[in-house]
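With the sequences and hints as input, model every part of the structure.
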Amino acid sequence: MSAIPFAFGFPIALFALVLLPVIWWLNRLTPPKPTQEPFAPFEILAKVLKKEDTPAKSPWWLTLLRVLLAAIIIFALAEPILNPREERLIAQGPVLLIVDNSWASAPDWQQYQATANAIINEAENNDLPVIIAQSTSLQNDLTLGTADQARQVLASFEPIPIQPYQSDIVASIETALSARKIDTAIILTQNVEAENTSTFFQKLLRLEPSRLEFITPDNANLIGITSARNESTSVTLDLTRLSAQTATSFKITGYDIQSRPIVNGNVQFEIGEQAKTADLAAPFELLNDVVRLSVENNKHAAGSYLLDDRFQRRKIALFSGETQDLINPLLTPSHYIQRAAQPFADFINVTNADLTTGFSTLIEQGPSALILSDIGNLDADVEDELLQWIENGGTLIRFAGASLAATSSSQIGDDPLLPVRLRSGERQFGGSLTWAEPKSLAPFTQFSPFFGIELSNDIVVKRQVLAEPSLDLADNTWASLNDGTPLVTAKSLGAGRIVLFHISAETTWSNLPLTGEFAEMLRRTIALSHSAASSDTNASQSTQTSFLPPFRTLSADGTLETADGSINPLEITPSGAVVENQIIRPGLFGSQDGWRAVNLLKDGDVLQEATLPDADMEITKSKMTLGSAFEFKSWLLLIALIMLIIDALIIMFMSGTFSRLRMMRSNPFAAKASLILCAVLSIGLIGTNESLAQDNQVGDAEIIAKLQSTQLAYVITGDRQIDRISELGLNGLNFYLRTRTALEPSPSVGLDLETDELSFHPLIYWPISETAPMPSKQAMSNIENFMKRGGTVLFDTRDAISNISLNGSTSIRTQRLRQILDGLIIPALEPVPTDHVLTKTFYLLDKFPGRYSGGELWVEALRPETSNDNQLVNGGDGVSPIMITSNDFAGAWAMDASRRSILPMVPPNDRQRTLAFRSGVNIVMYMLTGNYKADQVHLPALLERLGQ
Amino acid sequence: MSPIGQISQTADQTDTLARGRLRAALIPDCLVEARRVANIVIAGWHGRRKRGTGDNFWQFRQFTQGESVSNIDWRKSARDDQLYVRDKEWETAHTVWLWADLSPSMQFQSEMSEVSKESRSLVILFALAEILSRSGERIGIPGVMDPILARNGAERLAQVLAHNQAQNLRNSIPDISNVKRLSDIIIISDFLGDGEEIISQVAPVAQRGTRGHLVEVSDPAEEVFPYTGRVEFTDPETNARLVAGKASTIAEDYSKAYKNRRVALSDEIRRMGWSYTHHRTDRQASEALAAVHGFLSGLGSNQSGGAVS
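Chains as they are written, first to last, in my numbering: chain A, 1 to 948; chain B, 1 to 309.
Calculated directly from the structure, the hints in this document are not laboratory data. These figures come from a predicted structure and were not determined experimentally. A couple of the hints might just be wrong.
[To be verified] Computed cross-link-like contacts, DSS-like style, restricted to lysine-lysine with a CA-CA straight-line distance of at most 30 Å: (1) K76/B with K47/A; (2) K33/A with K256/B; (3) K246/B with K47/A; (4) K33/A with K180/B.
Structural data, given as structure tokens:
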């Protein structure tokens, strides 16, 4: 690679730079094109104007701009590329490309893909078959295929947060190769040492590629968390990193299950320091909620560590003092406890129900909590053992009962396994011999772990064991009845805790065990217990394994996401060990009440680079390119376009366009034209980098805009004066319609009959001009279609005044109209009869004057059968497709911007102008409503027929 | 960028006629001064303030011997012992020759004005025709239409113009050598041709005592010269071309030359006793009309003509 990462894709184009002096010379020679102006006082001008005082050459800076423009275009055509990819010299034979998409690839995945694409492109250029495989999956559907296929396969790859190198893929590769030899094997990898790296390499070498190339991303800051331990006021983390060459500081953040950051801290790595232990200090309550610890800026699975201590499913053991009631098992306290705790805890199979002898085997299984239901007396040895266990962190949950009540009466001294001193006997309310009512529960205080549980009103307690009043009784009370007597008391003992429910766990003492509150109280109590490390060595009595469903999974970038169906469940042995006979994705397994966390790195793992295999072949190692190749071509062309626009602006400036624009600010046409020009230019600019979606036809928006409202139209005759009057006239009518009727038409438009779509307009006004060219065949066929499909054309010869010519012949424009209509199928016409619907659509009119009042308005003659005597108003179902007048409607309607009429009426008569507007309103209404008004006339008859 | 000026199409006769009529409606009936038409005997509608043939009552006078008996007004005479004759006012008509220059240079219209010079000229022409025919004058176009006396003179004029389609009106100055002494001539043109030539054509007629009124119609762009940058000018008459490298630099010189031409021409014309009115197409046509009307009614012999500077 050269020092400057810059190259040309098509350097031959640079030879065109030789032409620049020629362009310079040509530019200097050609002056800008003048504007053409007719000028009547030409002779005076000729006298004034001296012979050729204009510079024959363009100014030097303009020429420079143009030469620069040419140079930029030439450079753009030479396709300059920044960061060109190094040629990898893939010579011959099939290429094997293994993309290591294990956890370490996640931060640099784009580099992986870009590099892989580049290699595939190169193989394509050399016509070599490619076999592409990802290192993490066994389900590689490997084929030796073309570059195109390889590209598709590559697109389906994504980083997976597991350890790299499933060595079995080599076997798949061999199958896919089917005895062909690969020439070059390229492995894109971060090259982190893993368990099976060396096995994989050895297997790979057996393929005997002639070259082996490792390409690694340039990422020195890979850091992983290998373990985390919850201390009382902090989390202790063990970190390891791949490269120890720099001193770096990392931020570590702890998140809760909803990925909200709770705690954070920094860890500083010195040069040469590869492993480090860090502490995240935070209150215990906060730490309890931490589920995931992540190293900032290390978005990969090893940079996140999942905790399950607080949320792990507890193992609990249950001992019951009652006799094995096999006849009514649903009434025993054990049943209630089991049903309440099953969703969030695992019960240890108590093989020996006798507590005295069974306890030691039980402890070996490492229960988090021990529930003693109505057990009064304990053997002194067991009691000591139990106390020991509690002090080491066990949680003892006791339920009262008949035997406990009896015991406490006999024992005067303190029972160390009870949180408070109990009075002998039990207290009974609401029995047949007592006055007291059964008591309900008082709301939980803020200091109780039960705080927040919603209590229902129907909980009643009929019997309880009573605590002796003492100073610390209130502190030890978690729940009490509404008379203040404690219902649940607790006491910490060493690292553990003793909790006593002052009722029995079945329904004779209270109905609490039947409620959801009981399950919740039990859940919270058990959740407070520590999860004891299970001694998974020899304790398993049964060989049956259980499965935990995936709950949350760790994504490739180290965040938690909801597990989908593709994740295998976690198989665990009865002792709690994970069965590792398949790939286990890191994540949380279980349910939201309790889960097991599986992490990528194990305690004691070290991140280090794998040693490359040693073999007698060419083994190279290189870095991925820093950035993707940057091609200047499109940007240079964009600059060239901008310069071109600047050049155009300069030319326009030099030819005086702008000073003229300023002068003619009142002229709407020029302003409009320049606006359109700007719009077209900007659209062109935007359009360079975007392609239009296919289902979006060009002009759709325009059509939709046209359909938003009614729009009258006129035919562009080419005579500027007539067209202007037509436009202003229709706009004047629009104004009148807006003020007088519910119709709000949008500004009228001129139509080129040949090219414009006519169907958007209900009415087309066609002023006849003898100077306008005859409409083409295409235009006439458009008009005919328009008329056939319900449109109406209003022809206006505008010659009512000159129609009465001296010799009685038809006027030039009438002749012209005849010529135009010659090829069309025109229905029979008649002057609007007095009973025509046109006379009644909005105003009641008997004639239709425009600027002149002499002419008639001709419409399609009514069919004789419709004009029977019964009808008050005649009007064909269809609207007349053609109307002809000679009264110059547009002239009468034309208004300027300040709503003043432009043309005088002939004779000057304001009443006639009003009538002209009314005629226009009637015509438009007739267009839009058809014979609706004709029906309206029948309204009295219709109402009568309806019997109203 | 579209050019400032353009050569518009030949103005629509009907349209200009209608506009002309509107303008004419604003002007009071034209009483053409009859100082020098004393001996003309053709009956017109203008009372000449003396006894003669006509329709309107002038005076009663006593019957004198030798007069035709049929002249006696018997109703008046019956009241009295005297015989009375009812005298009528003498009414005469006057001939006004109208001319509008319809040469290609008149078709010039810049963006600074609504209409072309030709269109404006025709409007003024028709308006004058309307006023004059309404007040009973005879109007004609030299070489095209003989003088006629008709109520609808303006329409007749328009029709003749429409059928003659301008070929005969291409000259800025008509052939007026045959115009009689006691007529008026109104010429509407831009007078951009050779000044000497115009004078040489007008002078003999003026010397004969014919009254004349020259109305110069100009486009504002011709006067203001709004051109900037590199402009190629075309002569609409000859299609000659001329390129100005920086049009704005010559604007001042041009304006001066343009105005000098007008001042020279108007001075010369006034010296001959004719009137000279300047009219710009961005102003109202009535202005020019009012000015010409003033001259025709004899008010303007010492008035300056419109906006001449």
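CA of K246/B to CA of K47/A, is that 30 Å or under? The given pair, whose Cα atoms are some 16 Å apart, holds under the 30 Å limit.
Verify the proposed pairing of K33/A with K180/B, using a straight-line Cα cut of 30 Å. violated, 54 Å
Is K33/A within 30 Å of K256/B, Cα to Cα? Holds, because 28 Å separates the two Cα atoms, which is no more than 30 Å.
Sort out whether K47/A lies within 30 Å of K76/B, counting only the CA atoms. With a Cα-Cα distance of about 75 Å, the restraint between K76/B and K47/A is violated, given a limit of 30 Å.
Of the hints listed earlier, those the structure fails to meet are numbers 1 and 4, in rising order.
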